[in-house]
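Q: So the sequence lines, in the order shown, correspond to chains A and B.
In this text, residue positions in the first sequence follow our numbering: the first is 25, and each later residue adds one.
In this text, residue positions in the second sequence follow our numbering: the first is 11, and each later residue adds one.
There could be a bad hint or two in this list.
To be verified - Cross-link-like lysine-lysine pairs, in silico, DSSO-like; alpha carbons within 30 Å at most:
| id | chain 1 | residue 1 | chain 2 | residue 2 |
| --- | --- | --- | --- | --- |
| 1 | B | 560 | A | 73 |
| 2 | A | 26 | B | 509 |
| 3 | A | 73 | B | 190 |
| 4 | B | 190 | A | 266 |
Since the hints were derived computationally from the structure, they do not count as laboratory data.
No experiment lies behind these values; they were computed from the predicted model shown.
Here is what each chain is made of, one letter per residue.
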Amino acid sequence: MKLSLHVWRQAGPNDTGRMEQITATDITEDMSFLEMLDKVNEDLINEGKEPIAFDHDCREGICGMCSLMINGVAHGPESGTTTCQLHMRSFRDGDAIYIEPWRSRAFPVIRDLMVDRGSFDRVMQAGGYISVNTGNAQDANSLPIKKADADAAFDAAACIGCGACVASCPNGSAMLFVAAKVSHLGHLPQGQPERSKRVQDMVAAMDAEGFGACSNHYECEAVCPKEIPADTIARMNRDLLKASLCD
Amino acid sequence: MKLDSKIPAGPIQEKWTQHRFNMKLVNPANKRKFRVIVVGSGLAGGAAAATLGELGYNVDCFCFQDSARRAHSIAAQGGINAAKNYPNDGDSIWRLFYDTVKGGDYRAREANVYRLAEISNSIIDTCVAQGVPFAREYGGLLDNRSFGGAQVSRTFYARGQTGQQLLIGAYQALSRQIAKGTVTMHTRTELQDIVVVDGHARGIITRNLVTGELKRHAADAVLLCTGGYGNVFYLSTNAMGSNVTAAVKAWKKGAGFANPCFTQIHPTCIPVSSDHQSKLTLMSESLRNDGRVWVPKKAGDTRPASEIPEDERDYYLERRYPSFGNLVPRDVASRAAKERCDAGFGVGPTGLAVYLDFADAIKRLGEDAVRARYGNLFHMYQKITADNPYKVPMKIFPAVHYTMGGLWVDYELQTTVPGLFALGECNFSDHGANRLGASALMQGLADGYFVAPYTVGHYLAQHGSMDASGKVTTDHPAFAEAEAALQDRIDSLMAIQGKQSVESFHKRLGKIMWDECGMARNKAGLESAITAIQELRKEFWADVRIPGSKQGCNPEIDKAGRVADFLEFGELMCRDALMREESCGGHFREEHQTEEGEAKRDDDGFAFAGVWEYQGDDTEPTLHKEDLEFEHVKLTTRSYK
Chain A
25 MKLSLHVWRQ
35 AGPNDTGRME
45 QITATDITED
55 MSFLEMLDKV
65 NEDLINEGKE
75 PIAFDHDCRE
85 GICGMCSLMI
95 NGVAHGPESG
105 TTTCQLHMRS
115 FRDGDAIYIE
125 PWRSRAFPVI
135 RDLMVDRGSF
145 DRVMQAGGYI
155 SVNTGNAQDA
165 NSLPIKKADA
175 DAAFDAAACI
185 GCGACVASCP
195 NGSAMLFVAA
205 KVSHLGHLPQ
215 GQPERSKRVQ
225 DMVAAMDAEG
235 FGACSNHYEC
245 EAVCPKEIPA
255 DTIARMNRDL
265 LKASLCD
Chain B
11 MKLDSKIPAG
21 PIQEKWTQHR
31 FNMKLVNPAN
41 KRKFRVIVVG
51 SGLAGGAAAA
61 TLGELGYNVD
71 CFCFQDSARR
81 AHSIAAQGGI
91 NAAKNYPNDG
101 DSIWRLFYDT
111 VKGGDYRARE
121 ANVYRLAEIS
131 NSIIDTCVAQ
141 GVPFAREYGG
151 LLDNRSFGGA
161 QVSRTFYARG
171 QTGQQLLIGA
181 YQALSRQIAK
191 GTVTMHTRTE
201 LQDIVVVDGH
211 ARGIITRNLV
221 TGELKRHAAD
231 AVLLCTGGYG
241 NVFYLSTNAM
251 GSNVTAAVKA
261 WKKGAGFANP
271 CFTQIHPTCI
281 PVSSDHQSKL
291 TLMSESLRND
301 GRVWVPKKAG
311 DTRPASEIPE
321 DERDYYLERR
331 YPSFGNLVPR
341 DVASRAAKER
351 CDAGFGVGPT
361 GLAVYLDFAD
371 AIKRLGEDAV
381 RARYGNLFHM
391 YQKITADNPY
401 KVPMKIFPAV
411 HYTMGGLWVD
421 YELQTTVPGL
431 FALGECNFSD
441 HGANRLGASA
451 LMQGLADGYF
461 VAPYTVGHYL
471 AQHGSMDASG
481 KVTTDHPAFA
491 EAEAALQDRI
501 DSLMAIQGKQ
511 SVESFHKRLG
521 KIMWDECGMA
531 RNKAGLESAI
541 TAIQELRKEF
551 WADVRIPGSK
561 QGCNPEIDKA
571 GRVADFLEFG
581 ELMCRDALMR
591 EESCGGHFRE
601 EHQTEEGEAK
611 RDDDGFAFAG
621 VWEYQGDDTE
631 PTLHKEDLEF
641 EHVKLTTRSY
651 K
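If we strip away everything but chain B, and leave its shape as in the complex, we get (with noise of 0.2 Å):
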């Protein structure tokens, strides 16, 4: 495997203008003789596909929900992070370059950071443009806010469903494109696999999950935009449905997977509550604007928070990270709280919950004030827990929320396949090792609206054929074969009629990654974790239950096949993981720490970006090193004192 992540020659700040420059275009008439397949409709596959329309390409999109809109991009809170220093408080495109190189723990490419910084600007005004209704201040103008990693004012908000109002501006996009006949969009369609003819991505496999029809569709080239990974875990603030088996199965046909280890656990999510738990929900980060992370100084106190007085409580974000307080970068913020209930001061009927209380910011600014920034967030809370939350103060604990490892990808967002593109939370790009807050949105509008339009077109410029004759079609016998294979799988799953249902599995699974692999990982776990996670799956493929039919709509089906994927992947995370003898962002092994616990990067052994080749079911994975050369940001001890 070749890792060429053909970073443009060239000052930072012109690599982008001179690469699209550079890059091939395709002949406005030329463009509607070519097919391209956008697997997802979040921000990034929403947004990719609508724009793919308007340029005039003939675009095939698909997601496994009942509608586009429903990606779960939508769930997104706090807010979009932009350069645009309106508040004229020291932000540039070089500020917020720089913040998310260091917010990542230096292990992101800095080019494509660099770009992304670069294009921000330009998101905002797209989306305001479709409609997009943002928080505005009493002279019309648009509002910011701030985020953790960041000493600026750069978050672009609509109240605390963010996430939603731009993945809506991305679905009416992509509605006028369906409108115009540019794209056709396949609902309740899951990928199944991909399929590669001549070393070029030219097509996929799906599932329809009404008729469970298997169907192939031929393109001159695929993007996934199929999101993270967290679902590993069994619990996590992704939405039910979200998985990893596109990326599982472009792994399986030869593109590399980078940093699988990097997962981010959100400081502020509502703490577990039972066995029967099905999600997690995250609290937006921006309530840490004026939410006081706390907890008793007294370990074991078992008082009501309004017991507790003053001087007995301990802020210890505030403590310890006095110049960032409790907008420290969620790696940070998440560490800390396991820390304190580790050490016994948690509280809650588990003790595994920390404080994040309002009653400052309610004196200060007054009941209606909090109301109006987070009022959808408080009635979410109060929903789900049934506390008061502008009484009590907030339980919370960190939950896996994003996943910044995935599908290696050059600077066009290629993967090692070539014709296949990997866009939004589904590559590994451009958060390194921990992801701040309000940068997700970005990346995701970022890769799909302005970047993979250009370097897509660019790729069938050079690779793809306008006639019908030099096309592969759905007649070739690389269709066939996958298409055999999948249904082969398909039979051997139903064939089990096991004793255990997919779901009992899942948990299982979830339970060996959180205890092994989640915030805390160490040497001996993470390999006993492989052993657990290799014996998991052939229990799973010798006592599974999947009732019903494969004809006709079983989710039951749609879930095995998402938990035989996660089964696979979840080993390739823990490997790793062993790997990286080092802790950076949201990878904290226990061996690499400091006195203060703070995590201990291994710049001379590890400034790279570990990249796993598949070779076999049962041959382990090799690993190739993308290095990562830092020119602009000097490698430093991240430090948010």
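For reference, chain A alone in the conformation it holds in the complex (with noise of 0.2 Å):
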């Protein structure tokens, strides 16, 4: 496949980037995306020329590193698939492919395609938690949990905190992300303690990262990677409004 690459470049956080135009030669379509950008960034250093820079790591779609705004989409074209899985079988021969960083207030430009994602750290810093040390905890099973609300948390567990959620949103919104983290622990008896204090801290460190609030786009459920619902994000104001209320 030949493919005419548009790529966002950008030499540091205080270059103003352009979009470049490149062209890829010699892509099969058993190549993951980042193996073509890796075909690319080949070529490139042996023209002379600098790669694109690009985060990635486990290329198993659960680490949560990679990226990539492709054709305006947040982790491309297929539903439920990060990035490092996507293939290029689900492009074709002559394509034209856009590809852009996450673009959000709270997630400033490094290089290229590297975006600084610290605000969610600082936003799991938070309250992101419960608070329990090493070594006091009871036997396992003394504690159980009914499967369905052990489900339920898992589902919204398995976030892998990439941001796609925040690149997609029209307001740059994160609340699918916190509200993964509040439903997570909120259905489970030991996040119970710390529930209403979690979300308005959580939602508090949220504002102040310069995050945008929810209006109902369902973008954010639409990209994720890992497919959690924004109904995720109903429950998480169902959570604040009794907090505001009870305190």
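Once you've looked at the hints, go ahead and assemble the two chains, each given alone in its own frame, into the complex.
A: Shown next, in the form of structure tokens:
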């Protein structure tokens, strides 16, 4: 395959950045999208040019490090799929592909397609945990948990923190990310003592980081590689309202 | 180099309890006077940093990724072992200990393995308290499944994402400490060297992967939790950034490196499809609970699987190992797959694959039940191969997955450099020559949550200084010297401006390692590999091309440093494989096999951990031996028939 790539190039946080046209040649359909970029980078290096910087690590769809807006869609055209699990058989010879970084006020660009998602870590630090020290736990089976609750907790806990929800939201909202953690811990008995405080603290941190609010576009749900549903946000809003009324 | 394992005296069941009592403590009010560096934020590093923070130490934690939550522990799929015996199927601490020593082909240290089995139950308790959503039965209690090398169900799991959920648990605990100010997290920051002052590890030099800046960090102790070195093979199931740099730097600063040739080739991975492949993807061992492995009985049979009738299929694991069947340990399953493929029975376009078939399980349990157990794995397989494993059997082939070798540590997880500890996959301690499935998560968390927090305190109580006047600071000349050497190295790399990319060297190294130091090894091949690696290293330093500048973000410099270290380390692996004139676990020397092609150990000659001491860049390393004594598990030929 031969492809016409239009890639965002930005030398550093203070550079204004621009789209650059690069032709990708000898691409096969069993390559992953990132292997296609590897091939393009190898060619760029051999031509004496600078390769495209992008984030990636596990390449198994689980670490959450990879990103990329591909033709305007976070993680590209396949639903329920991270960029690293997207394969070139989703594209055709001669296609033009537009590749951009996540764009959000809370995710500043570091270089080319790499962004800083430290804001997610800071939101987690505001309360995305259960306050328990190592070593003072009771026997694991002394606390039975309904299978349905455990499964619901797991569905929310599947979030990989990639930021696709933020990148695709017209408001740059992190509601799905925050709601996933609130919902994961809120479904479990261990998470109850801090349930009110957690949701209030995490939402306050989210606002402080410059993420926008939810206005029901559902773009987040559409691009989430782990298919976390938008009603998780409704659940968080319920928790938040309850917490604010009870305080 | 003196190897003192510090195995405590007394009965094996009481060693750890007694030793915990004997170790010195640091008064709660004094803990904040000590600074501890934790390099890596996976299960071992994340757990250690969080727990040391909870105890009141000042912790600096480092990772090269953009968040602590990305470490490659996250990709572990199948589960974590513990001797809870919830299924009431006869499990016990003793049985987990026994299975692990046997599974490791009798090349692990008994006392460490016993402690691991003993701690395993507390790990599950702690993780549940953190909110880790393990799989549960309808009664609300925890569910278990089986893994290779065991005849009990002792594996706790969270669908096919157990590593992710455990790591998120540790990350949450870590986040809590960061918020409290006990832990300072340094993301996108990579260790470049370890600073040793008066024989003790007293700090590290890091490189900021965003700015390119080198920085000095002083501390009272340094913990390396930097994972394994499987990426020396280029293609492995490791993450793209996983590297050996921290361990190699420690080795050059005087830490012994044990059993570097012990690598685990995992039997069930998605086969290589082309030269452009950047990594390999594991299909969890848990699939062998319900999947059956087979190849056609006729060599070179090119019919699709669906057209090969039942009586023309060879379920070779069930045939060769009737009592363990498809659940033989990884080394055995991998070698059996290689044997079939080498003999011409392999399937798929390359002939380097075997089938893993779920048709029987789907008939027995229904597609929904299979989806509930393995849905995410089937989904991932379909994404990568475009085949639907509910309809056609998976094609699988062995791939490099885990490294049992690592920095030599004593019972307290301390390397031969005082104050320098190694935890998790980074050390060599618990898995001998082959790791059993679901034991890596167990070991990482055991080391991080329950071992290092005690033993590091013991070290600090004896060798740390509570006074600022007694502390080493970053003004010490040893820091300046280490930083200058690193700056020189980066300048030299940038100055080469040759013709070949870093990646191309890494691929060539990987091919040498896979061909000569992979699933089967022999003397001539290993000798040729050593020469080839030396030549490749010279070529790298003469002809590598690193574009861009050393200031700012430049991923090519990050990669170049890692590949330069792999080029040194690959040679050490081959030397170790050459030295070990026996076959054991994942180390298979073709010269040492039984008539049936099984590994043939030599307990009289090689029941030791081979520990290598660095002697200089152009001098051969020297070998030291820690003799392994087996008082409780009798050395027998490992049989899974």
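Q: If a hint holds in the structure, say so; if it does not, say that too.
A: Evaluated hints:
Between residue 560 of chain B and residue 73 of chain A the alpha-carbon distance is near 15 Å, which keeps this suggested pair within the 30 Å criterion. Simply put, residue 26 of chain A and residue 509 of chain B have alpha-carbon atoms about 25 Å apart, close enough for the 30 Å limit, and the pair holds. Proposed proximity of residue 73 of chain A and residue 190 of chain B is contradicted: the alpha carbons are some 45 Å apart, above 30 Å. The suggested pairing of residue 190 of chain B with residue 266 of chain A holds, with an alpha-carbon distance near 27 Å, which does not exceed 30 Å.
Consistency with the previously given hints fails for number 3 only.
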